[in-house]
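These are the residues of each chain, in order.
2 protein chains.
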Amino acid sequence: MASSTPKIYVAVVGVGLVGSEFINQLLAIPSSSSPFHLISLTSTTRTVFNHTHPISSSSWKSELSNSADRPDLPKLTQQLSALVSPTQKVALIDNTSSEDVAALYPTWLNAGISVITPNKKAFSGDISLYEAIVAAASKTGGGRFLNEATVGAGLPIISTLKDLVATGDKVVKIEGVFSGTMSYIFNEYSTGKPDGPAFSSVVKIAREKGYTEPHPADDLNGADVARKLTILSRVISATSPRLQSFASVETTSLIPPALENIATGDEFIARLPEFDDHFQKMRAAASSDGQVLRFVGVVDVASGQVRAGLERYPTTHPFATSLGGSDNIIMFHTERYGTRPLIVQGAGAGAAVTAMGVLGDLLKLT
Amino acid sequence: MASSTPKIYVAVVGVGLVGSEFINQLLAIPSSSSPFHLISLTSTTRTVFNHTHPISSSSWKSELSNSADRPDLPKLTQQLSALVSPTQKVALIDNTSSEDVAALYPTWLNAGISVITPNKKAFSGDISLYEAIVAAASKTGGGRFLNEATVGAGLPIISTLKDLVATGDKVVKIEGVFSGTMSYIFNEYSTGKPDGPAFSSVVKIAREKGYTEPHPADDLNGADVARKLTILSRVISATSPRLQSFASVETTSLIPPALENIATGDEFIARLPEFDDHFQKMRAAASSDGQVLRFVGVVDVASGQVRAGLERYPTTHPFATSLGGSDNIIMFHTERYGTRPLIVQGAGAGAAVTAMGVLGDLLKLT
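One line per chain: the protein sequences are V and A, in this order.
So the first sequence is numbered by full-length UniProt numbering: it starts at 1 and just counts up by one.
So the second sequence is numbered by full-length UniProt numbering: it starts at 1 and just counts up by one.
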């Protein structure tokens, strides 16, 4: 909390929903108490860089839209590297979901630029990129890498797991509903009763509400959950088998095989009712055992198994009683917490809470 | 996570249950990756200080018990102050619950020594001490003050609240079961049914299990909850009325007036059955409305009210369905989280998880 915090220059790549919200939150910090100077913005088509006249809240959109400069990440890397010094920090905020941007993290970190991101691609992708990031962030003079918002958005998930591991607790199992979309779908679909709305109708409504990707198969394939599990597994990699990539997670997709290669979301939604009986049988079977269906992710450290798929929980379990809306819920079963896990729950998606998770990481640099 | 972290000298005051566990956790960090040097221990009767030969895990108990030096906090202050430099940090860990130790925090912080503590006395006591701590921690060259473990032990409560506030979210209400003792008592006593075990028998068992203070009135008076609410209120003091001291919390004690001044825990337990009818009436009334009784703390930012007392919740509420054992559960209702709060739940007391909260704070200095 010392007021002598060094100046921190901030460059933002990606100004979509999360990026815009992040910029607004950052610029809303009273300048009297803010060490941050927003000096660069990059969209898919334009870029601005001005480290002598930081960007202000009233003008950032027009400054970017009026710029004649095209995005040039190698040039940005040079410009930012030149600003790193013992009395000045530089942070690059990647608010894209681009693998190309993620591939540049080691370069930035090696140059002493801290990287903060809600982009899951880097830490859940190929092991070589992951290891290059860890190596660069660990070396003397390297930037810090923070990605709290990749799992649970603004919820304290990664920081809590890091603290458990760093203080010597033994993680036994992490178990949770990690996808807001899957949470909404199954909170609506499976309430413990044998019947209810058709699966296809719940997915259709979720899509209309904007809770799914344009093509719902991109949620129902479970890949988003698998990526989040990979990120968490790597945080505890000292005690659990390190995953080679997110494809190593045993993921049970909910996409019916016959709909695997449907090109458009509209066609997918149109054909999904053919499979309502399939889901209804699972719902009824669970109900007859006093259970609900939830699409969960599990990191089982003891067995080394990491899996994403549809599982059953008693109607008295917090995944049934406590969950609602599109909440995430994550349970950390550890040695110190014994038989009753540490639980974090709340909205795990949305621009405001995701941007908050990113800004929370940036505040750790002060 | 740069490996060039400066050396951090650590002095521990208080080596009881939490203190001992903290020392063991600290010394279990592999020395190859630990920037920490444990250089001083102080108990109620002895002290050791040796900054050239840091204390090791095998010898700390004998080093302390073999010391001929009596505790001398003014001398320790001088010794630690002399070690503060741009390349060396010093942290004092107060694992006592002493007001006298808490009164020294401003001195230490002003000397550049960081203070980390699960001791609630400082931040929940008189406003002048609180303000002196904040001022000292804010000044150039001041130490950092961290007290995550004062609320919810190892659970991420204070850090989450700080992030919400610092990123510009508006806290509407904080509501929770903050006392592990009260949690256990009412999870056992009030399950939604009209009848159950006598209140006095639940308290008696809780005491036998070591869940209460030796004198159960020290839990039933609600002061522990009031202190925690004061700490949280002060974190959001920019937007809510700052409390003058923990006595300002509207606390409804559970101690029957006739038992207010009973000297011993044994006598208190012996006389508590006289009031079983009183509690039974409340339980039955709640049950007839489909509700349970929970001893909660509430910080209502809109109304400026901060209160601790017995309240009723529907049997479908997470305080009824999700809570068990001696768990804490805390709900943050905020503008960004909308109608569904951010929830943190888990054990909120016990040496292992409290020490973990303290060590997690210490790791923030790296």
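Because the hints were derived from the structure by calculation, they are not lab data.
Fair warning: there could be bad hints in the mix.
Chain copies aren't distinguished; within one or between two, either way the pair holds.
Lysine-lysine pairs mimicking DSSO-like chemistry, simulated, CA-CA at most 30 Å apart [stated by the list, open to error]:
no.: 1; residue 1: K281; residue 2: K204
no.: 2; residue 1: K173; residue 2: K61
no.: 3; residue 1: K193; residue 2: K170
no.: 4; residue 1: K75; residue 2: K209
no.: 5; residue 1: K364; residue 2: K281
no.: 6; residue 1: K173; residue 2: K209
no.: 7; residue 1: K7; residue 2: K193
no.: 8; residue 1: K364; residue 2: K7
no.: 9; residue 1: K7; residue 2: K170
no.: 10; residue 1: K173; residue 2: K162
no.: 11; residue 1: K7; residue 2: K281
no.: 12; residue 1: K170; residue 2: K364
no.: 13; residue 1: K209; residue 2: K170
no.: 14; residue 1: K170; residue 2: K204
no.: 15; residue 1: K204; residue 2: K162
no.: 16; residue 1: K162; residue 2: K281
no.: 17; residue 1: K204; residue 2: K139
no.: 18; residue 1: K170; residue 2: K139
no.: 19; residue 1: K193; residue 2: K281
no.: 20; residue 1: K364; residue 2: K75
no.: 21; residue 1: K209; residue 2: K7
no.: 22; residue 1: K61; residue 2: K170
no.: 23; residue 1: K364; residue 2: K204
Keep in mind the model is a prediction, meaning the values are calculated, not measured.
(request) Tell me, please, which holds for K173 and K61 at an alpha-carbon limit of 30 Å: within, between, both or neither? (result) Result: close neither inside a copy nor across copies, 45 Å intra and 34 Å inter.
(request) Have a look at K61 and K170 and pick one of within, between, both or neither, based on CA distance no larger than 30 Å. (result) Only across copies: K61 and K170 sit 25 Å apart there, 47 Å inside one copy, limit 30 Å.
(message) One pair to classify: K204 and K139, alpha carbons no more than 30 Å apart. Within, between, both, or neither?
(response) neither (49 Å within a copy, 56 Å between copies)
(message) Please sort K170 with K204 into within, between, both or neither, judging by C-alpha distance up to 30 Å.
(response) neither (41 Å within a copy, 33 Å between copies)
(message) Please sort K193 with K170 into within, between, both or neither, judging by C-alpha distance up to 30 Å.
(response) Neither way: K193 and K170 sit 37 Å apart in one copy and 38 Å across, limit 30 Å.
(message) At most 30 Å between alpha carbons: which applies to K7 and K281, within, between, both or neither?
(response) neither (60 Å within a copy, 61 Å between copies)
(message) For K173 and K162, with the copy left unspecified, which applies at a CA distance of at most 30 Å: within, between, both, or neither?
(response) Classified as both: same-chain Cα gap 14 Å, cross-chain 28 Å, threshold 30 Å.
(request) At 30 Å max between alpha carbons, let me know whether K173 reaches K209 within a copy, between copies, both or neither. (result) This pair counts as between: shortest inter-copy Cα distance 28 Å, intra-copy 33 Å.
(message) Cα distance capped at 30 Å. Does K75 pair with K209 within a copy, between copies, both, or neither?
(response) Answer is neither: 40 Å inside a copy and 65 Å across each miss the 30 Å cutoff.
(request) Pop the pair K281 and K204 into one bin, within, between, both or neither, using alpha-carbon distances up to 30 Å. (result) within (20 Å within a copy, 49 Å between copies)
(request) Classify it for me, K209 with K170: is the Cα-Cα distance of at most 30 Å met within a copy, between copies, both or neither? (result) Answer is between; shortest inter-copy Cα gap is 25 Å, intra-copy 40 Å.
(request) Tell me, please, which holds for K170 and K364 at an alpha-carbon limit of 30 Å: within, between, both or neither? (result) Intra 25 Å, inter 20 Å, cutoff 30 Å: intra and inter.
The structure fails to meet hints 2, 3, 4, 5, 7, 11, 14, 15, 16, 17, 21 and 23 from the earlier list, while all remaining hints are met.
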